[in-house]
Structures are given as structure tokens and as C-alpha cells.
Amino acid sequence: MEFMLGNEAAAAAAHAAGIRVATSYPGTPSTEILSTMMRYDTLHCEWSVNEKVALEVAAAYAISGVPSMCSMKNVGLNVASDALMTLAYTGVNAPLLIFVVDTPNCFSSQNEQDTRWYGLAAKVPVFEPNSVEDTVQCTYRAFNASEKLQLPVLIRLTTRIAHGGGGVDIKAKKTGIPKQVFVRDGSRYVMVPKNALVRHKVLCERYDESRNHIDIIVEGTGENVAVATGICASAVRDTGWAKLVEVKGVPFDESKLSRALRGAGKVFVFEQGSPIIEDTVLRLTDADVIGRRSGHVRCYGELGLSHIRRILAGKPIRDEKRIKQRPPLMCAGCPHLATFFWLKDVDKVFAGDIGCYGLGYNYGCIDTCVCMGSSIGLGQALENSVVIIGDSTFFHSGIPGLINAVNQGRDLCVVIMDNSTTAMTGNQPVPKVSIEAIAEACGAKACTINPYSKRSKAVLDRALSSSGVNVVVSKAPCRRDVKAGRKYKITDSCTDCGLCMEIHCPAIEKGRINDMCVGCGFCAHICPAGAIK
Amino acid sequence: MRILICGVGGQGVVLLTRMLCETAIRSGKRCLSSETHRMSRMLGSVNTTVKIGDYHSPEVDDVDLLVGLDPGETRNYLHLAKGEILTFGRVPGAKTLRCDLLSPNIFVLGVLCRTLFLPPETARQTIREFGRRVDDNIKSFDAGYVYEP
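Listed in order, the protein sequences are those of chains P and A. Under numbering that gives the first Met the number 0, think of the first position of the first sequence as 0, with each following residue one higher. Under numbering that gives the first Met the number 0, think of the first position of the second sequence as 0, with each following residue one higher.
Keep in mind that the hints were calculated from the coordinates and are not lab data. Where a beta carbon is used, it is the ideal one built from N, C-alpha and C, also for glycine. Incorrect hints may have been included.
[Stated by the list, open to error] A few chain A residues facing chain P, derived, Cβ under 8 Å: (1) V7; (2) G8; (3) R29; (4) E34; (5) L42; (6) Y54; (7) D60; (8) D63.
[Claimed, not checked] No farther apart than 20 Å at their CA atoms in a straight line, the calculated lysine to aspartate or glutamate pairs in the DMTMM-like style are these: (9) K255/P <-> D207/P; (10) K474/P <-> E439/P; (11) K509/P <-> D495/P; (12) K28/A <-> D237/P; (13) K28/A <-> D69/A; (14) K81/A <-> D237/P; (15) K320/P <-> D61/A; (16) K456/P <-> D344/P; (17) K314/P <-> E439/P; (18) K456/P <-> D346/P; (19) K81/A <-> D53/A; (20) K323/P <-> D60/A; (21) K474/P <-> E435/P; (22) K138/A <-> E83/A; (23) K314/P <-> D63/A; (24) K242/P <-> E222/P; (25) K314/P <-> D53/A; (26) K320/P <-> D60/A; (27) K323/P <-> D61/A; (28) K28/A <-> E1/P; (29) K431/P <-> D168/P; (30) K81/A <-> E501/P; (31) K453/P <-> E501/P; (32) K242/P <-> D53/A; (33) K347/P <-> E501/P; (34) K343/P <-> E319/P; (35) K343/P <-> E146/P; (36) K28/A <-> D168/P; (37) K320/P <-> D53/A; (38) K178/P <-> E55/P; (39) K323/P <-> D69/A; (40) K532/P <-> E501/P.
Okay, chain P solo, but in the shape it has when bound (with noise of 0.2 Å):
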């Protein structure tokens, strides 16, 4: 028995099920299943730009007979989607594993999406553990699945599976690994109309043959049913209660839950996101069911332990007592905040976008930030605004928002906050690809700043006020990358102006700086006293 977070038990689970090829972009809560695949023998790993092309190299090697997984967080499959709805038609010949973690009470996304309609949408199967442990178990049936239905399945993982931990075991690891083998098959492969409304018919059919791969389990025995899925089911079982009917994914066997239902006065039905299962238990039963539908459980949020025992005795369920969240911080010396610095007096709408520059918006620094490159796509249309970006999140799906700014020959400033890293997820690697270069190819003019140098200031507002678009690349590497420095501190000689609180690095405090600084000496450079030494 091994102590594992739920995504290292998947990553574990995946490798012992025979998976040889592993692919993600990163995304908190999911990161760790890729890092973790890592560390196993496999033919291959990677991160990869974004989520969708992670999708195509994991399905390239699934259609060449190595078992393959993807992973990434909820609304990474968003962007991997396009490739997944076909993928289904194509199908595959090794299994195929897309895990993709939920985040109810959006506890590190900014939605709270359901991953299995995107399953129904796809007319692929969803598996749902309840736990680190049944993820295991998930994960090897969800390969068997994808190996005899030759088609790819989900597996949903939400925050409290994949960042929770338990017990573990994993044996029975196979070993070797197959040979990549493409067998040319236009009628698979190449997705016009006349072949893919022939894959349609085969998918439908296997969709269909995919509910017997879903479980349904029931426990106990009651008058009184409580219908559950994922965690849920879990919380189920923390609070006693007599009967409970566990659905182990989507699609299922619904004659299977309709004879597990028969007889039932009332029927709760507990799941995360969507009344997905709540809906098709509504058609099944005369009984009353209680759920979403029936307005006893919230259609936002999390749906915890508290809620699920307060809903099955009787009680009405209040929103959680709100907590006051410290706001995350940048870290001493990030060179964002050097960015920002002089970015603080200019009178624009910044176009902020996902990564660490978002915690801009903490510094009331960032006024949009809605979705992976949607800074460049929001910002050229917003009026007056200038756009923050970071390298992994505009190679993520900056790029093209950018060719359409300069296509539309419209004025804006881009500035691309870059440390040469992921790092809000723990410092994943980027491409080494010149962004400059991609600017000036894309028909922008680019230019590099060092976000430390006064210089910096003249290069923005030169680029702020020029017409075209314009890129400023402002580049230094993130501080967990670079060895700290020797701490500095604050002389005599100080006059009190306040200049330094403005970069609003957590170093530096009213008239000292603390052992948090890093050396980067941002502080000592900009002081008009000289007073930090």
C-alpha cells in the first residue's frame, strides 16, 4: 500500500495497464499526471503546446497500436475538442485515455464545466471514480474499454480525486513496448462526409456496446434510493446512508439503474456539475427525485459532504460561510511585477490572460482575463487596451489572435510577459521558438526589453503610442528558474518617497525589505534616493 495524490494513482494506474505514450498541457489540478508519467519507462512524453495537439500526438500513436493518454484540465478539453469529435468517428487501435479533471467550486479554473457532455457530444464513454483508490480500478477498466470498443474514453477526475490522496495498490505492471505500426485506411483516416457518416453509423453502435463497460452498484437496501456518481458517491457512504446505487460513469445501463430503482419512495441524486444522471433517473422513476431539478441542490458549486448530508435529512443547504482567501501573490523579485511597474501609470484596459501575470488583477493591474489566449482576441477589439500575455499561454493560442490583429490592421500593443517557462503550474518547459521572430512573421513589429532596465519604460511607451501592431517581448526568467541573489536592504539615506512599495513585491515592506527578496536588485535600480543597497 502507497501513498498517492489521485493523479499520480492514475499516471501509476495508466503505466501498469500497459499506456507507453503520455501527452498534456499543463493545467492545476491535472499537471501531476503527466509529471508523474514522466518518471516511467515510456516510448514517449511530452508537453505539448496546447491541449489539442496533445490530443492528436496521444491519438497518432493510439492509431499506430501504442496504448496512448492525454491529460489536462477541464477546460483544456475545451481546445482539445475539435479533435476528440472525430477522433470518436476515426476510433483507435490501441486504447486511448483522456483524463481531465473538473474543478466544482472552481477552485483553480475559471469555470466549472462538465466534462461528460462533452462524452455524450463525442459519443465517447466517461468514467468516474469516487476516489484515489477507485481511480485505480477506473483507469484499468476504462483501458479495457478503450480496447475493445477501439474507441477513446474519458475518464473524469474532479479537484478532491486528483489533488486528494490514499492508500494504493498497484501490481501486475506489463512490460515492453509495442511497435508503432500506421496501416493506411482512408476509409478510417480521412474524415469526408461519404466516410464519416459511414464511421458515424459504427460509432453509434459502439457508443451503444460502451454501457456495458460502465458499472452501476448498488448497496444496501431502503425505501429511500440515493443515486450518486463520482465523490459524490463517497460522501454517500461517509454519511450512512442505507441504500445507495453508485453509477460509474456515462452512458450506462439504464434497464440496470430503472430494476435498482423499482419500488424506491424517494430518490436523491448526487453528482458534480450537471444533472446529467439526475435527468435520465427522472424518466426511469414516478418516484420524487431530489436533485437539481428539484431545486435542492445548488446548480453552482461544489457539491460537498455538508450539502449531501444536510440534503438527506430534510434540511434546506446554505452557501459555505465565505472565507477570506489571501489573495496568491507574485514572488519577490518576478519579473512581472518589474513589467508591471511600468505599466502602472498607463490609462488603458488591460487585456490580462491566464498564467501568473494574471494575479496582476490583485494589483487591480488587469481588467479582462476570461480563457488561453483570449487577451490578443478581447483586447484588439477593446477600446484602448493594451495586451498582457505570457510565452506559453501565446504559443498556447496567442498566435492566431495576433495574425488577426495585424489582418484587421488594427493598433495595438502586445506585451509579452516572458520568463521562458509555465510557471504558474511548477516551471513546465516552452518552446524554444524565437517569439520575436513569430511577431515580426505574423507582421507585427517586435522588440525585446529587459522588464529590470529603466529603458524599459521609454520602449513601452513608445509601443503604446505607435500605430500598428506592436510586440514587446519583456524577457527575464522566472525566479524560481535563477539562483537568489544577496538580499539587499534599505539605508539611512531613504527619504521616505514610497516608490518601492509600488512594485508591490512581497520583499519589500514599509522601510525594510525581508528575507523573502531574491537579490534581483529591481528595487535598488529604480530608487531616485540610492537609498537600497
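Starting from the known structure of chain P, arrange chain A on it as the hints suggest.
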């Protein structure tokens, strides 16, 4: 035993949780945990839950033990505490922890090992396998293990 550990990013709440759970599992107990952190790289709120015993879900609605590495965060969760409260700093109704060693989180691991009757040698083994700053961490752990709040 249901435990909530809270603190801010950078204090080592997640590492403490991991080591506590590894120690519990190695000593033959059933143990579940969950971490919820937003973008808590620097000083943002972090809390984790640990459930030792026969549980299925790692979530808590109230807790038998509240552990705070930061008094401000501890105050946020007082409404969940149905038993003992251990925290750095002063919080009404709580036992105060004091530690000036290098690894306050590992010091708390020591305190928790004794409170939860977990074998200290198993915890030391977990610390050794973690492999970073082993001497400092063992020292902090031992100080925690004998600490009288």
C-alpha cells in the same frame, strides 16, 4: 479522526500533509487527504484535510483537530473545529505552537505524530526518504514530538 491543516502558500502545508499521510499509511492505517489551493504560490490561502480511519470521502464538514500554521488562517476555520485546535500565533480557544527551528511544518508533523499516536520512527523514515534537509527536518520533527503546547 478528521483533521484540517491550514496556512499560506510557502509554509509547507502540502508537504506536511503528504508526510503525515505517508506516515499513517506506512503504519497500517487507512488515510485520505485532499488539498485545495488556488493559485497559492506565494502567501495565498492553502488548506488540506486528512481523514485517518474508516472513511470514503476526504471532505470534512467538521473536524476533530484543527491545525494552523498561520493564526489568520486558523481563525477562518474555527467554526468547523469540534475538538482540539493547535496553531502558531494567538487564537482564542487554541493551544499555541512555538517553534524557531528551520522547518515549522515538520515540527508540526512531530506534534501530530504524538497527538495521533503514529510511530515516530516511521515518520523519521518518511523524512529521510524525502531527502531534502534531512538533519534539520529530523531535528524539527523531534522537537515537535516532545513539544508540550
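Checked hints:
1. V7: holds (6 Å)
2. G8: At about 6 Å, which falls below the 8 Å cut-off, the nearest Cβ of chain P leaves the hint on G8/A intact, so it holds.
3. R29: holds (7 Å)
4. E34: Holds, about 5 Å.
5. L42: holds (5 Å)
6. Y54: Status holds, d = 6 Å.
7. D60: holds (4 Å)
8. D63: violated (14 Å)
9. K255/P <-> D207/P: Roughly 14 Å between the alpha carbons, so the hint for K255/P and D207/P holds.
10. K474/P <-> E439/P: Roughly 17 Å between the alpha carbons, so the hint for K474/P and E439/P holds.
11. K509/P <-> D495/P: holds (9 Å)
12. K28/A <-> D237/P: holds (17 Å)
13. K28/A <-> D69/A: violated (28 Å)
14. K81/A <-> D237/P: Answer holds: K81/A to D237/P is near 18 Å, not above 20 Å.
15. K320/P <-> D61/A: Given that 20 Å is the threshold and the Cα spacing comes to 13 Å, the pair holds.
16. K456/P <-> D344/P: holds (11 Å)
17. K314/P <-> E439/P: violated (62 Å)
18. K456/P <-> D346/P: Given pair K456/P, D346/P holds - Cα atoms ~14 Å apart, limit 20 Å.
19. K81/A <-> D53/A: Roughly 19 Å between the alpha carbons, so the hint for K81/A and D53/A holds.
20. K323/P <-> D60/A: Distance of about 18 Å is within 20 Å: holds.
21. K474/P <-> E435/P: Status holds; Cα separation ~11 Å.
22. K138/A <-> E83/A: The hint is violated at about 25 Å.
23. K314/P <-> D63/A: This hinted pair is violated, its Cα atoms lying about 24 Å apart.
24. K242/P <-> E222/P: holds (8 Å)
25. K314/P <-> D53/A: violated (26 Å)
26. K320/P <-> D60/A: Between K320/P and D60/A the Cα gap is close to 12 Å, so the pair holds against 20 Å.
27. K323/P <-> D61/A: holds (18 Å)
28. K28/A <-> E1/P: This hinted pair holds, its Cα atoms lying about 11 Å apart.
29. K431/P <-> D168/P: violated (39 Å)
30. K81/A <-> E501/P: violated (43 Å)
31. K453/P <-> E501/P: Distance of about 15 Å is within 20 Å: holds.
32. K242/P <-> D53/A: The given pair, whose Cα atoms are some 18 Å apart, holds under the 20 Å limit.
33. K347/P <-> E501/P: holds (18 Å)
34. K343/P <-> E319/P: violated (36 Å)
35. K343/P <-> E146/P: violated (55 Å)
36. K28/A <-> D168/P: Given that 20 Å is the threshold and the Cα spacing comes to 14 Å, the pair holds.
37. K320/P <-> D53/A: Cα-Cα ~27 Å, so violated.
38. K178/P <-> E55/P: holds (18 Å)
39. K323/P <-> D69/A: Holds, at about 13 Å.
40. K532/P <-> E501/P: Given pair K532/P, E501/P holds - Cα atoms ~18 Å apart, limit 20 Å.
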